[in-house]
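S.K.: For reference, the chains in residue letters:
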Amino acid sequence: MDATILLLLLQDGVVNGAIYALIALSLVLVFTVTRVILIPQGEFVAYGALTLASLEAGTLPGTVPLLLGLGALAFLADCAETRPTMSGRVLLRLALRDLALPIVVAAIAWFLAPMKPGLVVEILLTLAIVTPMGGFLHAVAFRPLAHASVLVLLIASVGVHLALTGLGLVFFGAEGSRTPPLSEASFPAGPLLVSGQSLWMIGLTLAIIVALWLFFSRTLLGKALIATAVNRLGARLMGIAPSLAGRLSFSVAAFIGALSGVLIAPLTTVYYDTGFLIGLKGFVAAIIGGLASYPAAAAAAILVGIIESVASFEASAFKEVIVFMAIIPVLLWRSLRSAPIEDEE
Amino acid sequence: MTVPMLEAENLSVAYGKVEAVRGVSLRVEPGRLVTVLGANGAGKTTLLNALMGVLPARGRIRFEGRDVARLPVEARVAQGLSLIPERRELFSTMSVEDNLKLGAFRFRNTGSKGGDLEEMYRLFPRLAERRRQHAGTLSGGERQMLAMARALMGRPRLLMLDEPSLGLAPLIVAEVMRTVARLRDEGVAILLVEQNARAALQIADHGYVLDGGSVVLQGDSRTLQGDARVVETYLGTLAVDEAPPSRAASGR
Chain A
1 MDATILLLLL QDGVVNGAIY ALIALSLVLV FTVTRVILIP QGEFVAYGAL TLASLEAGTL
61 PGTVPLLLGL GALAFLADCA ETRPTMSGRV LLRLALRDLA LPIVVAAIAW FLAPMKPGLV
121 VEILLTLAIV TPMGGFLHAV AFRPLAHASV LVLLIASVGV HLALTGLGLV FFGAEGSRTP
181 PLSEASFPAG PLLVSGQSLW MIGLTLAIIV ALWLFFSRTL LGKALIATAV NRLGARLMGI
241 APSLAGRLSF SVAAFIGALS GVLIAPLTTV YYDTGFLIGL KGFVAAIIGG LASYPAAAAA
301 AILVGIIESV ASFEASAFKE VIVFMAIIPV LLWRSLRSAP IEDEE
Chain B
1 MTVPMLEAEN LSVAYGKVEA VRGVSLRVEP GRLVTVLGAN GAGKTTLLNA LMGVLPARGR
61 IRFEGRDVAR LPVEARVAQG LSLIPERREL FSTMSVEDNL KLGAFRFRNT GSKGGDLEEM
121 YRLFPRLAER RRQHAGTLSG GERQMLAMAR ALMGRPRLLM LDEPSLGLAP LIVAEVMRTV
181 ARLRDEGVAI LLVEQNARAA LQIADHGYVL DGGSVVLQGD SRTLQGDARV VETYLGTLAV
241 DEAPPSRAAS GR
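These protein sequence lines are chains A and B, in that order. Quick note: the first sequence, position 239, residue 239 per full-length UniProt numbering, numbers continuous. Quick note: the second sequence, position 130, residue 130 per full-length UniProt numbering, numbers continuous.
The hints are simulated quantities; they were obtained by calculation from the structure and are not laboratory data. Errors might be hidden in some of the hints.
To be verified - Here are the computed distance ranges between Cβ atoms for each label pair:
id : chain 1 : residue 1 : chain 2 : residue 2 : range
1  : B       : Gly-140   : A       : Ala-72    : 50 to 60 Å
2  : A       : Leu-214   : B       : Asn-109   : 12 to 22 Å
3  : B       : Ala-14    : A       : Leu-154   : 22 to 32 Å
4  : B       : Tyr-15    : A       : Arg-334   : 26 to 36 Å
5  : A       : Val-104   : B       : Gly-23    : 47 to 57 Å
6  : B       : Ser-112   : A       : Val-152   : 32 to 42 Å
7  : B       : Gly-219   : A       : Gly-290   : 51 to 61 Å
8  : A       : Leu-154   : B       : Ala-169   : 23 to 33 Å
9  : B       : Lys-17    : A       : Ile-155   : 51 to 61 Å
10 : B       : Asn-109   : A       : Leu-7     : 43 to 53 Å
11 : A       : Ala-80    : B       : Gly-23    : 25 to 35 Å
12 : B       : Arg-66    : A       : Val-121   : 40 to 50 Å
Stated by the list, open to error - Computed footprint of chain A on chain B, listed as stretches where at least three residues anywhere in the stretch have a Cβ under 8 Å from a Cβ of chain A:
id : stretch
13 : 66-73
14 : 77-83
15 : 94-103
These figures come from a predicted structure and were not determined experimentally. Built from N, CA and C at the ideal position, the CB exists for glycine as well.
Could you put the whole structure together from the sequences, leaning on the hints where they help?
M.R.: This is the structure in structure tokens:
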């Protein structure tokens, strides 16, 4: 392996690592706020990519009926949850959020999809379709378990992942899809050729990181999320409902997942079950960061991307094995270094 | 007759089969300071947690005439009920100022405003000096100040305090008690749970004595201060200073 190849591999690793970083950040966010290890994060990625591909092809994406169905289920779950404080105003707010919003998004998608409105509109539409699913899933599958242990939440998470993968197969079929790149441009940089697509990926990743940082440090809602992560009871006593924090963090995760899907769709053919492996690599990075530190998770994600690209060059058959094995020394080091972590808050 | 600020009727809380609070009834009138006394394990903290909705309870709880017994914690906060728990439950990795700002979270979507940061810094000057510091780095007294200021940012109509003197030096205890009394004078109804019975009775209007989960005695604080059983059990005959009895220091 000479220097040029190494540079190429590094470039590849950093670009993939950017996606893993986005996923790792949302896993850390969801875990610290709700204690849920969000296995279905990869499904948001696949849904984002496949939804965009459908829109590209001028067809109504399969995620649209799924969004409507999830919204209806979430409406029922929300009604059950808010029964003690139910009033006309509450019911109206729930109906707007769980029923009207998906219907409006679906109507826009149904109207625009055959017109092929162009990549930018299609990407925005994709984000609008997938993002609300995060909050709906939280209301349907996780909020009723809010007091359960981390293990029970993990099992529920696996269940949701399996369900979403199956639904992905139903709605998108077994064929994979690919979308055109965000930019056809490429720039020579020494021995390397930097594609516009990879610049978009790194740029958008950085933009999301900055946006998250601003959200957490400058807005009361962002601080409320951190407060819930730091001290759940303290947050409740300030009137910050765990369900609000949970819904918000799941929505952010779904948004980031969908955006990641949009970004990888031009690079690789995405199938209904592709998301899982991508999500798992983000998970490796999040674990290296201890499921608690955002900067450590992001840095680890870049490392995972680089390990993956070097491994796929040196020993491509063992690519995944090597990536996932990287987690073992980290877990060893972490468990030797830290006192046993108590399961519950 | 005015509507009581808080009224609990026949309230019971059970941990599994053990009843920690048995059929307690109490009321807090608007603008009054009511204290709940009792030894360790008498059910004081459990009672407050049940009133706040942190623990499920049987019985009736009315806040300003409205039934709140089935509402979750957040909905009770939204109505103006506030609890400063024994462990304070601060956001330790966040700055003092962020802790205070989050205290006003319940006004986020309403037209009205929460408490004023500058007002809190006037009330608790130490917090102003430490506004950028993490809450976790504060001393015990400062933590209690922050917990009180954070609760006040939510402009509570009834403030419940669980052992605000716990683990604090006598001078600080006196300061905390003065602040609590001043809040009452400003019109906030207060329910104060204390092991430091002497300090609590000095500022309270009315008191309840809890033993084994039930109210065994109640009356206005002057009567309680003179009651032989209270003096013997909770005040001690020799206690002359503000220091909490040794029970409080060792008890947790």
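S.K.: So which hints don't hold here, by number, going up?
M.R.: 8, 9
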